[in-house]
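2 protein chains.
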Amino acid sequence: MEDEKKEGSALTRRSLLINTGKIALGAAGLVAATAGGMGLLSKAEAKGGTTEKWPWPYVKLDPQKTADIAYEEWYRIFCGGAVISSVFSQLREKVGEPYKSFPVDGFIFLKGGISGWGTICGSNAGANIVTNLILGPPIAGSDDGMMMGSEIMQWYSDASMPIYAPKVPKTKGEMPKSRADSPLCHVSVGKWMKAANKDLKSPERKDRCARVTASMAYHLVELLNAWKDGKYQTKGTFPSAAYGINAQSNCMECHSTNVPSPPTAMK
Amino acid sequence: MEDEKKEGSALTRRSLLINTGKIALGAAGLVAATAGGMGLLSKAEAKGGTTEKWPWPYVKLDPQKTADIAYEEWYRIFCGGAVISSVFSQLREKVGEPYKSFPVDGFIFLKGGISGWGTICGSNAGANIVTNLILGPPIAGSDDGMMMGSEIMQWYSDASMPIYAPKVPKTKGEMPKSRADSPLCHVSVGKWMKAANKDLKSPERKDRCARVTASMAYHLVELLNAWKDGKYQTKGTFPSAAYGINAQSNCMECHSTNVPSPPTAMK
Chain A
22 MEDEKKEGSA LTRRSLLINT GKIALGAAGL VAATAGGMGL LSKAEAKGGT
72 TEKWPWPYVK LDPQKTADIA YEEWYRIFCG GAVISSVFSQ LREKVGEPYK
122 SFPVDGFIFL KGGISGWGTI CGSNAGANIV TNLILGPPIA GSDDGMMMGS
172 EIMQWYSDAS MPIYAPKVPK TKGEMPKSRA DSPLCHVSVG KWMKAANKDL
222 KSPERKDRCA RVTASMAYHL VELLNAWKDG KYQTKGTFPS AAYGINAQSN
272 CMECHSTNVP SPPTAMK
Chain B
22 MEDEKKEGSA LTRRSLLINT GKIALGAAGL VAATAGGMGL LSKAEAKGGT
72 TEKWPWPYVK LDPQKTADIA YEEWYRIFCG GAVISSVFSQ LREKVGEPYK
122 SFPVDGFIFL KGGISGWGTI CGSNAGANIV TNLILGPPIA GSDDGMMMGS
172 EIMQWYSDAS MPIYAPKVPK TKGEMPKSRA DSPLCHVSVG KWMKAANKDL
222 KSPERKDRCA RVTASMAYHL VELLNAWKDG KYQTKGTFPS AAYGINAQSN
272 CMECHSTNVP SPPTAMK
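Going down the list, the sequences are from chains A and B.
The numbering of the first sequence is my numbering, which starts it at 22 and goes up by one.
The numbering of the second sequence is my numbering, which starts it at 22 and goes up by one.
Here chain A stands alone, though its shape is the one from the complex (with noise of 0.2 Å):
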């Protein structure tokens, strides 16, 4: 962890701004070349885009009226649109910019762990955007927006899912629940088809995906007003720097006990 922030630290300094076909720093003022030539640019689209300042006004939310949108919103725009969404759709009518400018609909491709490729579940994908976009990114200070998301992923996992229950169900009868072990969709969704015996398109495992990007949408609330009130102590951690390699914590589950060793230094 500590040498990941000292990676990051590093390269930031080292290569920020060069080549980028970005911006021109000089003395003379803040220049830019366009398309249409050369033309001065305001200090706050030099620093990059418009919404690049952090963090991003945030003001506390209901998680209980969070997880309702987002219970919804999922038979709108699935899982990790519908998390975005039941955070952002408050905050544009409470705060305005920048979330009216941040286009929520275009993620609706993270559903079925991206294009239904079954890599990371949509709803810890739209929970890491949120966290990430809102605290902000390591190079504007602080890594808690990036360890937040990274929390978010180990709850997740560890988590008897779906926790969240409608008011006014899309489905009837007992809702099975089911622990992924896991950040990803295939695992996460398949573990519970086997418990619930349902197959893919059925209703039920549809509503269990909206319950389970609701039971997100109400964590990550308490996450961020935690951090509003200034209480945030992370759990959450970078695991490739305990694991030598990028990965989650369930290694037998894809090796079974003949987990690979990552090369080390010394070789």
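Source of the hints: derived by calculation from the structure; they are not laboratory data.
Don't take every hint at face value.
Derived DSS-like pairs (lysine-lysine); straight-line CA-CA distance at most 25 Å [to be verified]:
#1 A:Lys222 - A:Lys191
#2 A:Lys222 - B:Lys256
#3 B:Lys191 - A:Lys74
#4 A:Lys222 - A:Lys212
#5 B:Lys188 - B:Lys81
#6 B:Lys222 - A:Lys256
#7 B:Lys227 - B:Lys198
#8 A:Lys81 - A:Lys252
#9 B:Lys74 - A:Lys115
#10 B:Lys191 - B:Lys212
#11 A:Lys74 - B:Lys115
Label pairs and their calculated CB-CB ranges [stated by the list, open to error]:
#12 B:Glu274 - A:Lys193: 34 to 40 Å
#13 A:Ala263 - B:Ala186: 30 to 36 Å
#14 A:His276 - B:Ala263: 21 to 27 Å
#15 B:Gly194 - A:Cys275: 29 to 35 Å
#16 A:Glu118 - B:Asp179: 37 to 43 Å
#17 A:Ser282 - B:Gly194: 20 to 26 Å
#18 A:Gly117 - B:Ser277: 51 to 57 Å
Just so it is clear, CB atoms sit at the ideal spot from N, CA and C, and this is done for glycine as well.
Got chain A; can you put chain B on it based on the hints?
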């Protein structure tokens, strides 16, 4: 695929604007509840965010220049951020909005497969963000953005990486290549580390990921340019339609010969 499309559009119709707390469409005009009371919104805002109109304006970019930018940007904001920046930084200059409003630097967390967890490779995640934001999400009228992202993940999985060779490389010597057969960071990086016998923190591993990022940026712009010319015919698929679960195609790599069958609709 066809079923998936039907599912999406049916869900969209059914739940559009229900209980999202965002917008009420009345015969008298567009009215929304805001934190400060009731107010009139512009038509653009009423549709959602101000940037949620697709496709986003695109002008053709030079693949080689884009790859060169991505390579340098990796050393500032890592794989996912660098892919987004390599395209959007040029479009900020050539087009302006909505690219100036998009918080590129907020996506540093895509590194290491989302904060070091080894899930989707950030260059895949970044490329998917770019294709879905430029071409638009499925509810904007076309699946092409999502399918271009899916096509890119298959291309990434099949390619002997890295393809890109920098003019001024950060590391000397021959760069080993490997085939991931997966869009996941853990699998992709792990296979390369094994092939190269280099550890995660080595300059060579970092430079390998910078070159993969540049390779991705190059191909991404090739596809975007073809789309701009009206010549894009997607090779992308939505894998769950074939597998009955959100999945990648290398089942035996984790499951060995014991690949489980998902529950079927008749059970």
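Here is how each hint holds up against the structure:
This hinted pair checks out: lysine 222 of chain A and lysine 191 of chain A have alpha carbons roughly 14 Å apart, not beyond 25 Å. Taken as a hint, the lysine 222 of chain A and lysine 256 of chain B pair is honoured in the structure, with Cα atoms around 24 Å apart against an allowance of 25 Å. The suggested pairing of lysine 191 of chain B with lysine 74 of chain A is violated, with an alpha-carbon distance near 30 Å, which exceeds 25 Å. Note on lysine 222 of chain A and lysine 212 of chain A: the hinted pairing holds, with a Cα-Cα distance of about 15 Å set against a maximum of 25 Å.
Our distance criterion of 25 Å between C-alpha atoms is met by lysine 188 of chain B and lysine 81 of chain B, whose separation comes to about 23 Å. A threshold of 25 Å between alpha carbons decides the hint, and for lysine 222 of chain B with lysine 256 of chain A the separation of about 24 Å falls inside it, so the pair holds. For the hint pairing lysine 227 of chain B with lysine 198 of chain B, the CA-to-CA distance comes to about 14 Å; that is within 25 Å, so the pair holds. Between the alpha carbons of lysine 81 of chain A and lysine 252 of chain A the distance comes to roughly 13 Å, so the proposed pair stays at or under 25 Å and holds.
For the proposed pair lysine 74 of chain B and lysine 115 of chain A, the alpha carbon gap of about 22 Å is at most 25 Å, so the pair holds. As the CA atoms of lysine 191 of chain B and lysine 212 of chain B are separated by approximately 21 Å, the hinted pair is consistent with the 25 Å bound. A hinted pair counts as satisfied when its Cα atoms are at most 25 Å apart, and lysine 74 of chain A with lysine 115 of chain B qualifies at roughly 22 Å. Checked against the hint of 34 to 40 Å, the pair glutamate 274 of chain B and lysine 193 of chain A passes, with Cβ atoms roughly 39 Å apart.
Against the hinted window of 30 to 36 Å, the Cβ-Cβ separation of alanine 263 of chain A and alanine 186 of chain B comes to about 33 Å, which satisfies the hint. About 25 Å separates the C-beta atoms of histidine 276 of chain A and alanine 263 of chain B, a value consistent with the hinted range of 21 to 27 Å. Between glycine 194 of chain B and cysteine 275 of chain A the beta carbon distance is about 32 Å. The supplied range of 29 to 35 Å therefore holds. For the hinted restraint 37 to 43 Å between glutamate 118 of chain A and aspartate 179 of chain B, the CB-CB distance of approximately 42 Å keeps it satisfied.
Separated by about 24 Å at the C-beta atoms, serine 282 of chain A and glycine 194 of chain B satisfy the suggested range of 20 to 26 Å. Take glycine 117 of chain A and serine 277 of chain B: their Cβ atoms lie about 53 Å apart, and the range 51 to 57 Å holds.
Violated hints amount to a single one, hint 3; each of the other numbered hints is respected by the structure.
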